[in-house]
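Residue numbers (this note's numbering), protein chains in the order written: chain A, 1 to 484; chain B, 1 to 55.
One thing to keep in mind: the hints can contain errors.
[To be verified] Residues from chain A that face chain B, not an exhaustive set, calculated with beta carbons under 10 Å: (1) PRO129; (2) SER238; (3) PRO357; (4) THR429.
Read the hints as simulated data drawn from the structure, not as lab findings. Ideal Cβ positions, reconstructed from N, Cα and C, are used throughout, including at glycine.
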Amino acid sequence: MARLVIMGAGVAGHTAASFASDWLGKEHEVVVVTPNSQWNWIPSNIWVGVGEMSKDEVVFPLAPVYEKAGVDYRQAKAVSVHPEGKADSDAPYITIEYTGQDKEGQSEELTYDYLINATGPKLNFGATPGLDAGHTVSVCTADHAVHANVELENLIEKMKKGEKQKILIGTGHGMCTCQGAAFEYIFNVEHKLKEEGVRDMAEITFITNESFLGDFGMGGLHFKVGGFVTSSKVFAESLYAERGMNWIIGAHVNKVEAGKVTYELLDGSAGEAEFDFSMLIPPFAGVGFTAFDKAGEDITSKLFAPNGFMKVDAKYDAGAYENWKASDWPRTLQNPDYKNIFAAGIAFAPPHIISKPMSSPNGTPINPTPPRTGMPSAMMGKAVAASICDMIKGKTNEPTHTASMSEMGAACVASAGKGLFNGTAAAMTVYPIIPDFEKYPGTGRDLNGTTGEIGLAAHWVKHILHHAFIWKAKLKPGWTLIPE
Amino acid sequence: MATEHVKHIEAYSPQFGTMIPSGFQKWLRTCVLWQLVRFVAINIKMTMLILKSHH
Ligand SMILES: Cc1cc2nc3c(=O)[nH]c(=O)nc-3n(C[C@H](O)[C@H](O)[C@H](O)COP(=O)(O)OP(=O)(O)OC[C@H]3O[C@@H](n4cnc5c(N)ncnc54)[C@H](O)[C@@H]3O)c2cc1C
Chain A
1 MARLVIMGAG
11 VAGHTAASFA
21 SDWLGKEHEV
31 VVVTPNSQWN
41 WIPSNIWVGV
51 GEMSKDEVVF
61 PLAPVYEKAG
71 VDYRQAKAVS
81 VHPEGKADSD
91 APYITIEYTG
101 QDKEGQSEEL
111 TYDYLINATG
121 PKLNFGATPG
131 LDAGHTVSVC
141 TADHAVHANV
151 ELENLIEKMK
161 KGEKQKILIG
171 TGHGMCTCQG
181 AAFEYIFNVE
191 HKLKEEGVRD
201 MAEITFITNE
211 SFLGDFGMGG
221 LHFKVGGFVT
231 SSKVFAESLY
241 AERGMNWIIG
251 AHVNKVEAGK
261 VTYELLDGSA
271 GEAEFDFSML
281 IPPFAGVGFT
291 AFDKAGEDIT
301 SKLFAPNGFM
311 KVDAKYDAGA
321 YENWKASDWP
331 RTLQNPDYKN
341 IFAAGIAFAP
351 PHIISKPMSS
361 PNGTPINPTP
371 PRTGMPSAMM
381 GKAVAASICD
391 MIKGKTNEPT
401 HTASMSEMGA
411 ACVASAGKGL
421 FNGTAAAMTV
431 YPIIPDFEKY
441 PGTGRDLNGT
451 TGEIGLAAHW
461 VKHILHHAFI
471 WKAKLKPGWT
481 LIPE
Chain B
1 MATEHVKHIE
11 AYSPQFGTMI
21 PSGFQKWLRT
31 CVLWQLVRFV
41 AINIKMTMLI
51 LKSHH
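So that you can see chain A by itself, here it is in the shape it has in the complex:
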């Protein structure tokens, strides 16, 4: 009997656990270690953050789902990885610290035959002074989103009393990713203000580390529209302009105070923006594991990149932007030193960013870091689980499945509002996620697979995705038929 341990039960980890337990049956053990007791469909946090959904609609308890699937669920956080075992045992293990199941604070060693790191991001609010001081809100977790909505409701009350308000939404650091979430939130806030009849009382500004609107951390994208091949820059700017919203681009927010942020721009100049309500996305880092060899020596830097994400089969020495290739991106997501360790979703260390690296004349890097959204995260989780299952079943010693972001696309639907007939959304598809300028000279992407449009239809798709993915994550009948 082999034991597969999966650290993290978010999009990637839960997908990996669901498929692995299905494919391995009772002959082998699947253990999930995750500090959360509930699964959260994070994309719908946006709707929680504007009061269109309750927290209960975007989360569900994990324990009954794992019980049904025969997964050994430990509500605990993984702390350290010991891929060579210890002095008196060759069995690799991780150490975990319980956060629930009536064992809070207790530590344990958990041996594994195969390990998947799917621990997603650490929300690194500490990277920007003041970002963790409660002056701004976030929608990164369901609880954050509930709080964001409370603050937004207070703001709307003030507007109804005739007080003009300033709203600032965007990225809280020069090295943030997840611009898409901030983008979606600002449109939902604007839509909400219109519905409440107070849109004219608000000055709304988007602040972003992207060098142009619509970069999205992917170097932008192009699609065919109205007889032109159009850049996402025009597409995104048009959405803001249509709604009378301002934007500040190429900004590294370096300080947050009550009602004010200060920032540095790509041209080196400094600026200030005042706000009455602000939602700023924090930068992401790895969750901060330590790793040790058999002798107990620290090998964290062997297993993890300096940003805390896990090293996999990527080309980490690609050098300058001019040398970057789509093939730099990992395919099997296997650690090069320890072949029984894999990473999936946000937890793997990218070889480099996707957008062109930029910094201000003062040397401050201001560029988006690579997004690893829901669809690729789930596909990575499934591919890694499939490879490991084949290895456990003795079919092979090498990974059999790949999930490279340079060979897959992503679909993204950003809503504005939730009503079935009065909301609209932008539906975008991009293929491949990593631009491949050798295969698709010019724009780096397949113009037949990269599309964008706005309308109610995209909105209906967003609703369907919400219900379909929660159905799938609950492992309800037919869940395997719902694609990642």
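Chain A is fixed; fit chain B with the ligand onto it per the hints.
Relative to the frame of chain A, chain B with the ligand by itself:
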């Protein structure tokens, strides 16, 4: 008025330099019949994308 949807744009502001949807384009976005057609189209596009992406 034909310029209703652009009247908030200030000359030489950043918004001045991009495209703004016409009234017809905005109407299409919420026209249920047209959107039903687009719904089918988006689903086809996403299905193709998923098929291309699984290895
Ligand atoms: C507000 C918002 C909106 C978004 N909207 C979209 C969207 O519309 N479409 C889209 O495709 N993507 C969207 N995304 C991105 C999407 O949520 C992520 O791509 C996806 O969640 C990444 O999956 P993951 O499994 O890598 O990480 P996560 O889903 O974050 O999961 C990580 C898991 O690891 C656990 N964990 C953390 N530390 C430890 C530890 N020490 N030990 C064990 N477990 C640990 C966490 O508790 C969690 O369960 C959005 C993100 C945000 C924040």
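Cross-check of the supplied hints:
1. PRO129: Since chain B brings no Cβ nearer than about 28 Å to A/PRO129, farther than 10 Å, the hint is violated.
2. SER238: holds (5 Å)
3. PRO357: Status violated, d = 24 Å.
4. THR429: This hint holds: A/THR429 lies near chain B, its Cβ roughly 5 Å from the closest one there, short of 10 Å.
Consistency note: the structure conflicts with the earlier hints numbered 1, 3.
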